Each structure stands twice: as C-alpha cells, then as structure tokens.
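S.K.: Sequence:
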Amino acid sequence: MRTTPLHRDFGVEVHDVSLKEITATQGYDELRRLFEEHSLLLFRDQDLSDEAQLEFGALFGPLEDRHDRPKPEISPVANLDATGAVIASDADTHVKNLRANFLWHTDSTFLPVPALVNVLQARILPNQGGETELVSTRAGFARLSTDLQQRLRKTVFRHRYTHSRAKIDPELAKQALFTKWSDQEWKAVWRNPVTGTESLYIASHVCAVSGMDEAEGLAFVDELVDEMTVPEAIYSHVWRPNDVLVWDERATLHRGRAWPYEQARKLVSCCVSLQARDGLEDMRARI
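Residue numbers for the sequence shown follow our numbering, beginning at 146 and rising by one.
No wet-lab data here; the hints were simulated from the structure.
These numbers were taken from a predicted model, which means no experiment stands behind them.
Any given hint could be a false lead.
Derived pair list, reagent style DSS-like, types lysine-lysine, alpha-carbon separation capped at 27 Å [as the list claims (entries may be wrong)]: (1) K411 / K312; (2) K216 / K411; (3) K312 / K241; (4) K241 / K411; (5) K216 / K325; (6) K411 / K319.
Now the in silico label distances, taken between C-beta atoms and shown as ranges [unchecked claim]: (7) R422 / A230: 41 to 47 Å; (8) H239 / R385: 24 to 30 Å; (9) S327 / E276: 31 to 37 Å; (10) E372 / R214: 37 to 43 Å; (11) E158 / K299: 34 to 40 Å; (12) A230 / Q295: 52 to 58 Å; (13) A421 / N272: 40 to 46 Å; (14) R385 / E426: 34 to 40 Å; (15) E361 / R214: 38 to 44 Å.
Each residue gets a CB set at the ideal place from its N, CA and C atoms; glycine is no exception.
Can you make the complete structure from the sequences, with help from the hints?
M.R.: Okay, structure coming up:
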C-alpha cells in the first residue's frame, strides 16, 4: 500500500485503497501492519454506508455498543436532531456533550473493555472549523525523562465517564448514559504487544492517580496531557467529504474543534473493542 506521512511523529495517508474492498483475507493484514506502526491512517474519498463502515470496523474486532442495542449501530457526532434539523444552542444538552469531545481524550477508557480503534467518517461539513486533532502518546511518552517514564510504568489511572462530562456542566454528568458504568482502572503505560513500543494511556476521563491525593493527581494528569499536546506534536485534520480516519486508541489522544453551530456538521463513528491480543489483560490494574 502506498502511503505518505501526515506528521513527523505518526500517521500516514493510505492511497489508492477502497475500504469497501478490504476483507479479512484481502488487504487487512497489510492495513493492520500500518495501523500498528503508525497509529493513525487517513483514507480519502471513501463514501461508506453505515453498513460498510461497520463491516470494515469489525475486521479489527468486536464492535462497541454503549446503548445495549439489538445490534451495533453507527454513532453520529453531529449537531443535528432526529429530524436532521441543526441544533445551534450552546445550552442544548446534545451540544454540551459535543463540547466534551473538545477535551483531549481517548475513547471508552471508562468501559470495562475500552476501544482499540475508532473509524470516523465525514458526511456533512461546515464552511470552517470542526477539525479533528490528534497527538501520538507513543512519541509523547518517548519525550519524557527516563525517571518519569519509570515512574509512570508503576502508575495506575482511574477513569470515570462523569468526570469528563462534569468539566463541561455538572448537570450533564448526571445523565444516565454517563453514570451507568463503574470506575475503571488501567496502567498508565501501554506496551504494544506487536511492536513493543510504549505509550501513555491517558484521557479526560482520568479522575484519580495511584499514590496521590485527588488534587495532586489531577494536577499531574493535566501536566502530562499538556506535555503530550504541545503545539508541534498536534496533527490537525481538516476534513473533506468522505474522508475516513482510523486511529489506535492505545497510542493517541484526540479532540474535536469548534465550528459555527448554526452550520451542520456530521461525522459518523464506530469504535471497536480491545481483545486480549491487543494487550488488554496486561493493562488491568488496581489503585
């Protein structure tokens, strides 16, 4: 597969590939190799239906479903209501939840089985804004001092969904969708079982740090996120219609950027859950 770099630290654009034609026996092994090596893949001009996007995502593993549906569905990331009308008010609960995605985060760290990958496609785009930004926490971890790396290898983070939502609005955090899961605890450093590389596994959902009181722990998390997300480390993706981004949740942080809410924006996402082969069981921990 022909590729070009997206950023000095991580990410490639994969050219001349139709994701509709990727199967478990045709193209997936090479694509998975690129995924493990580069953490972020960009595919242009894909125009996947919901079904095709889910089918592609399922090549990586079990599709995630936070809503206990009869079968997994695509999750819209959009300022649109059920009728397709634009939701423009900052005070709207749906928009507040979108704003929580503007925090640097990793998807699903608050779940008993977090996400391995997010497959995100652009359907409707505003005239300006709405970028998706990512950083490599593999490269970020490598930048840390040897002493801090060693300290983090012995550290555990506690993740709570309501913690990130409360940063936007305490009332948002009270919704049933955000309170339904108990806290999850994961080691702070993820060792990729394929490449052997290490990355910092952190998110806006981190609410406690082993060996620290609450204030000290949250300040430490903020310092780490700041270090991971220095301006020169950021890849900012300016969307084109039918772009597809695929990223490794174990080795990246990402966030959305604001846009004029009177303009429609719709991205569609499917996340895929981790499995033992991805290093899941080695990451489980207790504070």
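S.K.: Next, verify each hint and record whether it holds.
M.R.: Evaluation of the provided hints:
1. K411 / K312: It holds: about 24 Å lies between the C-alpha atoms, which stays within 27 Å.
2. K216 / K411: holds (22 Å)
3. K312 / K241: Within the cut-off at roughly 10 Å; holds.
4. K241 / K411: holds (16 Å)
5. K216 / K325: holds (19 Å)
6. K411 / K319: holds (25 Å)
7. R422 / A230: 41 to 47 Å: Cβ of R422 to Cβ of A230: about 43 Å, so the range 41 to 47 Å holds.
8. H239 / R385: 24 to 30 Å: Since the Cβ atoms of H239 and R385 sit about 25 Å apart, the hinted range of 24 to 30 Å holds.
9. S327 / E276: 31 to 37 Å: Holds, since S327 and E276 (Cβ atoms, about 34 Å apart) stay within the stated range.
10. E372 / R214: 37 to 43 Å: Between E372 and R214, where Cβ atoms are some 38 Å apart, the hint holds.
11. E158 / K299: 34 to 40 Å: Holds - the Cβ-Cβ distance for E158 and K299, about 37 Å, lies within 34 to 40 Å.
12. A230 / Q295: 52 to 58 Å: With a Cβ separation near 53 Å, A230 and Q295 satisfy 52 to 58 Å, so the hint holds.
13. A421 / N272: 40 to 46 Å: holds (45 Å)
14. R385 / E426: 34 to 40 Å: Since the Cβ atoms of R385 and E426 sit about 39 Å apart, the hinted range of 34 to 40 Å holds.
15. E361 / R214: 38 to 44 Å: holds (40 Å)
In the structure shown, no violation is registered for any of the earlier numbered hints.
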